[in-house]
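Each chain, written out:
There are 2 protein chains.
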Amino acid sequence: MAQLPSIPKGTRDYAPDIMVKRNYIFDTIKSVFKKYGYMPLETPAMENLSTLMGKYGEEGDKLLFKILNSGDYLNRASEEYLSEKNSVKLTNQISEKGLRYDLTVPFARFVVQHQNEITLPFKRYQIQPVWRADRPQKGRYREFYQCDVDVCGSNSLLNEVELIQMVDEVYRRLKINVRLLINNRKVLAGIAEVIGEPEKLVDITVAIDKMDKIGLEAVNAELKEKGLSEDSISKLQPILNLSGNNDEKLEKLKSVLAESEVGMKGIEELTTVFDYLKPLELPLDIKLDLTLARGLSYYTGAIFEVKALDVEIGSITGGGRYDDLTGIFGLKNVSGVGISFGADRIFDVMNQLELFPKDGSTITQILFVNFGHTEEMHCMKLLQKLRNSGINAELYPETGAKMKKQMGYADKKAIPFVALVGEAEISNGTIAVKNMESGEQTNITITELIEKLK
Amino acid sequence: MAQLPSIPKGTRDYAPDIMVKRNYIFDTIKSVFKKYGYMPLETPAMENLSTLMGKYGEEGDKLLFKILNSGDYLNRASEEYLSEKNSVKLTNQISEKGLRYDLTVPFARFVVQHQNEITLPFKRYQIQPVWRADRPQKGRYREFYQCDVDVCGSNSLLNEVELIQMVDEVYRRLKINVRLLINNRKVLAGIAEVIGEPEKLVDITVAIDKMDKIGLEAVNAELKEKGLSEDSISKLQPILNLSGNNDEKLEKLKSVLAESEVGMKGIEELTTVFDYLKPLELPLDIKLDLTLARGLSYYTGAIFEVKALDVEIGSITGGGRYDDLTGIFGLKNVSGVGISFGADRIFDVMNQLELFPKDGSTITQILFVNFGHTEEMHCMKLLQKLRNSGINAELYPETGAKMKKQMGYADKKAIPFVALVGEAEISNGTIAVKNMESGEQTNITITELIEKLK
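These protein sequence lines are chains A and B, in that order.
Here the first sequence is numbered in this note's numbering, starting from 155 and rising by one per residue.
Here the second sequence is numbered in this note's numbering, starting from 155 and rising by one per residue.
Careful, some of the hints might be misleading.
Identical copies carry no separate label here, and so any pair may be met within one copy or between two of them.
[As the list claims (entries may be wrong)] DSS-like cross-link-like pairs, simulated, lysine-lysine; straight-line CA separation at most 27 Å:
| id | residue 1 | residue 2 |
| --- | --- | --- |
| 1 | K243 | K292 |
| 2 | K556 | K486 |
| 3 | K188 | K559 |
| 4 | K606 | K184 |
| 5 | K539 | K188 |
It is worth saying that the hints were derived from the structure and are not from the lab.
Please read all numbers here as calculations on a predicted model, not as lab measurements.
Taking the hints into account, I'd like the entire structure generated from these sequences.
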């Protein structure tokens, strides 16, 4: 036989058993989003390159998948670039569209483009694939789904509270034990200010963001390398070592940051969020973590990260507030706050901990064995009754196929029950129902079967 | 302000109100697919060009969106093609991936690639976007969703019956009045044979496929133009004018096609399908239509098309059996049969006939007006109770925002109820609930509200 066909590296087929599990995750998350009034949005896979370029840094531009213009695309290409084989410069002449790299830039683009049609605050969720021309490696793909929920056009910290409530509900329903880490970029800015290195904010956040991974000593070494004075680094130590519960930490921070206006604003925001949360008595473990910085991103207020407690894996959800979501497209003063659920990692956690519901990789509840033409005609009427009662059921389609083949089909598809309806059952109006796990077999009526499966 | 950002021509944003309606369609269709044991499958947006090229004809190859290779893609490009500006030949050197053009080729590719892991018959549905570099025009897009359901690896005509049952159930649930047209390619082959033009099968099917649009005379003219003899054309007339119910038509056809083996096989297949269907007593209007040919496609057995009866629009669902689904990838003897639901057209039909459920463009059932800090703290506890009962509810996030703004938000988002909880309501433990359509307002308890909205 010829070589098997394949798919581009870094991409995946989602086979049915995987899809059913993924849908379980997405359906759970979506139902929570809807409970809080978030509406679905979808944007095209292709965006104009003018929309995408320059939004993800120089490295990001390189990782965009670019689409070749249709037709005679070389027609107007510059002879100079062609003869030079200048890939970088030629790209602009032969490609004007790219695949979306994330869901945030398309969201911002949508809000600006449709600013006269939408009402603020605008609450949307979006679950779609994104594409990045990264080198594929374990756990890193070139096509993967993002699952974002954001609200824009509202400065209220109630939005932050709502996002935390949603995190609580999603993970309770998925039965994953998690801890939510919270911090505030203004507090980080305040820290940089009071240790006397305000212009080193980015270096400081990048370094302390690594606390979890590389530890205090390595972080201090990195800060020194970045040019922070011994004095600044030593001033930073009590902050990195801050202990106690959230209230105690905030209390201590207040005195440390007393001289920084932005820092005090950050503390006020955190305090407000905690004050909203207290009476709600969420079971969620929420921890103020000053070493949480979320890299070099565009956040300006609250930042969040969610960690699974029973599996060693990076954060499974993250997000925060960004004060100038739509400024890149010319619309000022629209603040946004949102979080992104990491579907692939949530899948891995649930798989590892066996948290998917037991019937979580199948769809069909019962398979009717096909014994022959008379039997299949009889079974089709029974199937009609089952389906009218909302039960997912199949008849093996090949008339009188070998029993072994039919049972193998049920087994492979993880169908929990098999119905055997032969001459005897037809004449006495029953169905022999076999439990595929226990092997147990009982004769019941169609009414009893519907009752059993509902 | 700068110019508004835009999206590539032929693509669309699906705004929340549209998404809710689209999801209503997809959710209905999916739940029917599941009832019959079809499992979800998703494949990557990008396929290798070797998978896609040559599968859709020469015209199709041109309509594939091709993805520029990453990095220094010109490095190994031929100087000759560059200096010639030979777009066609250069493409193979600078692009090795393309966006999928339909869901059938990726399905066939999946089945062949994973032939050792899947069990036949393999029943899958797939709802994903496809991309075609067509010239955009009204109703034709460069990105659109296909919604396919297919089974492969089973020759049983029970599969055809099942697909018809699904069509019946989908459109009954969507409340669209439809007629299902059915024909069989073998019958068409038989017709070509008995009129003495077996090698003109394609011309004949293409011409008679147009009966609906251009009428009998124009079809005859086209057949003449294609080189059919007067004799052949006159032999074809009784077939084109066949009248009566399905059984009567089949009976007449039997005598017309008596000399054609393939034709009689087609009649036998149609008869078997009708025999299976009769005892099921589906409400669906099913009509044998010999002028149904479904163009130049690869079908070899049954062919289907569904037309909406109350709106002038092309077919909203179509499909059929293709005997050699996976042969293009080297796996012989795997027959497939399936249908594709046209999501865009179904959407248009439902919109035009106002068939979407009344609350079909919203998600939130009730909005709590935000009167100020005390009130919002009180409302958040009430919201917890509503959401715990599965009710989608929102609190306007801006503390004490103007009433007009908040009501406008509810209005724009089509939220059916607004809750007003001020000082008086807090003290007497009630909620003033306003019906946004009737304007009616009642004071009720949270328990009563939950009862009302459930």
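Going down the list of hints, with the structure as the test:
no. : hint         : verdict
1   : K243 to K292 : neither (32 Å within a copy, 35 Å between copies)
2   : K556 to K486 : between (69 Å within a copy, 22 Å between copies)
3   : K188 to K559 : between (43 Å within a copy, 22 Å between copies)
4   : K606 to K184 : between (29 Å within a copy, 23 Å between copies)
5   : K539 to K188 : between (33 Å within a copy, 15 Å between copies)
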